[in-house]
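Novice: Below, each chain spelled out in residue letters.
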Amino acid sequence: MDISSIDPVILIASLMVSSTSILLAATGELIVEKSGVLNLGVEGMMIIGAICGFIICVEFKSPFLGLIGSALGGALLSMIFAAVTQFLRANQVASGLALTLFGLGLASLLGHSYTGIKPPYLPKPNIPLLSDIPIVGKMLFQHDVVVYFSIVSVVAAWFLFQKTKLGLIVKAVGENQESAHALGYNVIRTRVIAILVGGSFAGLAGGYLSLVRVPQWTEGMTAGAGWIALALVVFSGWKPLRLIIGAYIFGGFTILQLNLQAIGIELSVALLSMTPYIVTIIALVLISSGKGRVGTSTPGSLGKVFMKVR
Amino acid sequence: MTSTRPLTGTRQSQAIPLLSLSGITKSFSNIVANSNIKLSLNHGEIHALLGENGAGKSTLVKIIYGLISADSGEMYISNTKYRPKNPKDARKNRIGMVFQHFSLFNAMNVYENIAVGLDDSFSELDLRYRIIDLSKKYGLPLNPNDVVGNLSAGQQQRIEIVRCLLQSPKLLIMDEPTSVLNPMEIEQLFNTLRKLASEGTSILYISHKLNEVKELCNRATVLRGGKVIRTCNIKDYSTAEIAELMVGNSVKATVRTNKIFGETLLKIQNLYQDSEDPYGISIKNLNLEIKSGQILGIGGVSGNGQEELMTALSGELKPKKGKILFNGSLINSLNSEERRSLGIFSAPEERLGHAACPDMTLSDNVLITCSKTANLTKYGFIQKDLTKNLAQNIISKFDVRTKDFSSLASSLSGGNLQKFVVGRELLQNPKLLVINQPTWGVDAAAANFIRQAIINLAEAGTAVIIISQDLDELLEVSDDFTALVSGRISNPRPVGDLGLKDIGEMMSGTLLDD
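Sequences listed follow chains E and S, in order.
Each residue of the first sequence is one higher than the one before, counting from 1 in the numbering used here.
Each residue of the second sequence is one higher than the one before, counting from 1001 in the numbering used here.
It is possible that part of the hints are untrue.
As the list claims (entries may be wrong) - Chain S is nowhere near these chain E residues, computed Cβ spacing over 12 Å in every case:
id	residue
1	Asp7
2	Thr115
3	Ile135
4	Leu183
5	Gly184
6	Leu258
7	Leu272
To be verified - Taking CB as the label site, the calculated pair distances span:
id	chain 1	residue 1	chain 2	residue 2	range
8	E	Val145	S	Asp1146	37 to 47 Å
9	S	Lys1372	E	Ala94	27 to 37 Å
10	E	Ile117	S	Asp1146	55 to 65 Å
The hints are simulated quantities; they were obtained by calculation from the structure and are not laboratory data.
Heads up, the beta-carbon is just placed ideally off N, CA and C, and yes, glycines get one too.
With the rest of the complex left out, here is chain S (with noise of 0.2 Å):
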């Protein structure tokens, strides 16, 4: 995304490695997560851990980072054996890890934030101006008395970087740290980073968005299935080429036959919808039109509003203030079941306790949310056959990984249960339907099942809402672009229409004038 000059990090590189791994293997009941994993990381370099979900790149940098230990291999620094117990080990051994989910807490404020993660006594002022000092030093500015729970996304990653930092670390561990972030704050991040690996300081870089990569880092490790496929430089591969050392095989592109819009199907006019997060965003004055046929891309990071524009479509709340018209008519007051019965989907970004009811099985879990629209009841009692065969085809349609109906939702693994929320839906021939971070935490294959799907359900003339972090499916698959900021949105534009500036100005917010 920027244009800047990768460092070479290999030129600062010394005869001995300052981590390297040899062996790492750790099961877990019976999944092996990390087999005979074999890692080494020069001073100075931006290294790469490439993987599709599952493939073990977590497990593996939590046993560097000491929260999990390996059942054998060894692991060495600057060649002394090195067998961290806990994370204070490896903050001794000056290794930081940034995580994917924040390690923050929301009701603290910066300074605290900070204070609780450092091993070492100081004083409160000294620690103060520390913070304030390095945060400017690396782009990264911070108040040290906000408190963390009212800052943007880009904002509390801040915090994990700035509190790594201050144990000078030679090693820092960065787990999907693009996942939450908008452009502009990605190519500030990046900035950060060069500046440290200039300064000597190696990355541990986990992501499995191939551009962002090779535009950072010096080499890279994929691994798939908890083996190590390869390690090679990064500049020698072609991002299809590590795509398909990632998943295995090739990736199809999804197709889209036709593109026939019929009428205006929803219309939101002047919406606004309070949060129930008290660190939450409102929804501010919100309008949208979607057409039958069409797939509408929602962007932005999520925190934004996604959820509570969530609530408001789907029926869970109602609205504060303004119109949602279905078909023309007002449908503002109808709860989620009338509006289900009205042919308006949705799925929810949260699929344990949102989406699913975790301690039910797959069948009750159907039963519950299609009884009214595929006719699972009958004077009131349960058609068992009906459902348990609905469960079924989902099960089989979307391939999810499950003995069977009877499973409990929460056996499921994220990526399964997501495949079988998503299927539920679906098949249901909605209308409407608006879906929240659709392909999250699944493989790319069936990613992209998935993708088609919804293609081909707005083939058939179904009106789609995505909302997605995931810049790179919106573009795929949407027909209209637009990104939902503080809480507000900017006009929606065909996705052809739009270059990388456009989109960039869109998620910022800087096209929002009040």
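Okay, chain E solo, but in the shape it has when bound (with noise of 0.2 Å):
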């Protein structure tokens, strides 16, 4: 066993690669939740997602192609958690859970033949001069635009909540729904687009698991990444740049775990794989406790089914 056998950069290099599934579908469900709904759905979004993307990809040979349809293919799924909850009012808990039951089985009806098949590589960008800087330029700048454009969607979301009117608007429906809608805004089309946004990222996050990140496609390969995203949320008391932290703390402990299992260190492989979820949780737990505690930051309407009275 040899710790010093373990490269920081690649550490590094690699944390961003795994984290990236998760930032994404965390990203996705907080403007969700934002304005006001609870999806449940996103294990189940993202692993339609995943066959969508790999599917498009396989037969058109474009993995760009892919990763669009990866995106279409969680939106789509996302539409039928909007109506059934905004339209047919349903109880968005089992909805959501019903989504996800539903995605996973969905994907593995349509990922029957695609099983073993290796997808067409996603070329990385050349960024020229960043990426030749020794060291700090492995690490950051020679990965692929995915990545790039996980870390940009959060701060686009954080910008969106903290600088524009439409951010504002999502706001005022999730934290309020019938103070709202006493403003004249339209909660249930606010909502509806605010759940196809948080489809399209949580079929994105899974597209990049089948197409860059594994890349191959095998039945249930989210492997409860879509919960995570969900708890990220929730720890990161809905703040946005709060979910960069999360993510990467996950993704870092899920590459350091398996680096410490190559070199044979001598600690159960079950306590190891745990690691991850569990230095999570609690690095949350703390950012989260004392001022702003999630008590305060939970969108007021957080689940609430929203009927027009009178």
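These two chains come separately, so use the hints to put the complex back together.
Specialist: Below you can see the structure in the form of structure tokens.
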């Protein structure tokens, strides 16, 4: 056993890759929850995104089309959730769980004949100068576009909610649906759009797994990443920038424990695989305790059914 | 309450009214909320819209503000036809509205709350300046960075008003604006409204508090049962005459025949109770005593610890610190069921979900609260007939308008459910009754009935604590009065000894020293 055989540069570079999927899904869910909707179907939308993206990528031989397809697949599935919860006013928790089960089942069905195929690779952009910086260049500037897109989208979400009228309206709808309605905003329409955006993010997160991270199709390949994304949103206190911290801690420990297993550390594999989950939760609980508690930052109308009265 | 001379708005009135309605009719399934309403508003006029709960005031202003659309009838603004599809249309026509239940967002700051309600685009810095400017000009100081959930009800209302004023409205609709304010805040609000009217803004002022209306308004339109009963110059009528127009018949006052106080029944010493609501107020060092046969009125604006005091007395939550003594024995650790069997009953403010289970029938609602005290179970089995009889008894005695005991609690209107909840507690012959907002949302006749029932209970030796925002009610019913402000309470004093000034001081918390 030799700890020094773990290269920190490669470690950081690969933690960014391994966190990207969770980060994307969590950003999407954060937008959905800010609008007052609790969609527990993230896992289902991710796996549907994974298989839709995979099929399109293989059939059209284009990883870019595949990524777009994965986002569309996730959005399509989330439309079912939107219809059921927003127009038929069904319970959001039950509908979300059903969406996950449905998504997992449908994905296995769709992906039946695609197991074992290798998809074409997503080319990495060549960033001149920056990627040539020693150490930092290899750590930060030799990734694929989706990694950068995930970081940009978190910052964009922060900007949306802090600086724009649109973000203010979404927050208002999620904070107090009756008041937002009284001010003349269309609560249902806002939420449906948020759900679709969340769905595309979750789909893209799944597509990233099957097209770039793994890359191949296996049944149940999301392996609970959707649930971790959901937990990240809560523990981040619905603050976008904290999502990055949470996602990177999770990704970091996932990579670290894999490396530790590889060099043969004398600790049970079960315990090692547990660490990313435990460390992430502890870290986020620490962040979210004290000032700015979860209780005060939860969107006030989260999970509530909106019905126009009189 | 103030001695300032009311403005004569008619001095500005022009031939063409600002807003005129004719034949406005609106019905919901089988209830006609507004029927053939005619109303006209002059420029710079403060016009009162009066009526009991359910008279159709709210429906009418919601039609004007574009929240709901009328079935028939027409509206004109300065003689051009006006048909708002949504509140945005109303705001485009320079109509603003301040809601009774604020349409604010607790977790957002003042600036964000105002920005989200504006239709035009704006720059953040510019808007911040305008908020500060405007709020100063009209005596409504606001800090754009304060988080709304931490502000008092009066401050929250300022946000609503400033939000309206930023769109320079020609008509400002105020829905029961004083129901959450203390006397000082009311006076400040009236000054603002008078200033606005003198600048030519018309104000439609909805209320059922006649003294206020008489002081502030020029003309009044009285609604009853969805119809306009009369439009009149308010100075030509006495308060009693207007009240009769509103109610339809005269309401007799409550009577108290005896005032015999017994032993001290409840004693609270140095009570501390934390709020469960992140924006709530905690109870700090509260001392209180009440004798049997005594009615203690606790005034103050809701949200100043009322809910927290209620949960401490009912046994829902254990007190954090301090002692609650009932008949000399410590009851801190008893839960609400155990307190009920001692004779301590309580009726919390929130009817649906707190005082009653919305999706259960009335008889089941009786069962879960009174099973021990009224012996509704035997060897663990439900005595169905006894339960039904008790529920039916409450329904008939308190004139609850519903089919029968098998109706769901959620199917009752607010006022009717209120009568049921209060009736349920009153019929248990409590030794101590704690009641929060006993007549909230019920019409004048029923309110009077409930008040008389409370008085009768006290005459029979029950100690009663009434927590209410309705100052007139407290002064009418209570023997002693105190106010709960910021989680603290001043020494109770006999109602007879109190002047308006004393009450104002108690309610604004100036008597509390640290």
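Novice: None of the hints should be skipped; say for each whether it holds.
Specialist: Going through the hints against the structure:
1. Asp7: Given a closest Cβ separation of 44 Å, the condition holds.
2. Thr115: For Thr115 of chain E, whose nearest Cβ neighbour in chain S is about 47 Å away, the distance exceeds 12 Å, so it holds.
3. Ile135: 40 Å, holds
4. Leu183: Non-interface label fails for Leu183 of chain E: nearest chain S Cβ at 5 Å, not farther than 12 Å.
5. Gly184: Nearest chain S Cβ is 4 Å from Gly184 of chain E, so the label is violated.
6. Leu258: 40 Å, holds
7. Leu272: Holds, because the least Cβ-Cβ distance between Leu272 of chain E and chain S comes to about 39 Å, which exceeds 12 Å.
8. E:Val145 with S:Asp1146: 37 to 47 Å: At 42 Å between Cβs, range holds.
9. S:Lys1372 with E:Ala94: 27 to 37 Å: Hint holds: Cβ distance 36 Å, inside 27 to 37 Å.
10. E:Ile117 with S:Asp1146: 55 to 65 Å: 59 Å, holds
Against the hints set out earlier in the document, violations occur for numbers 4 and 5.
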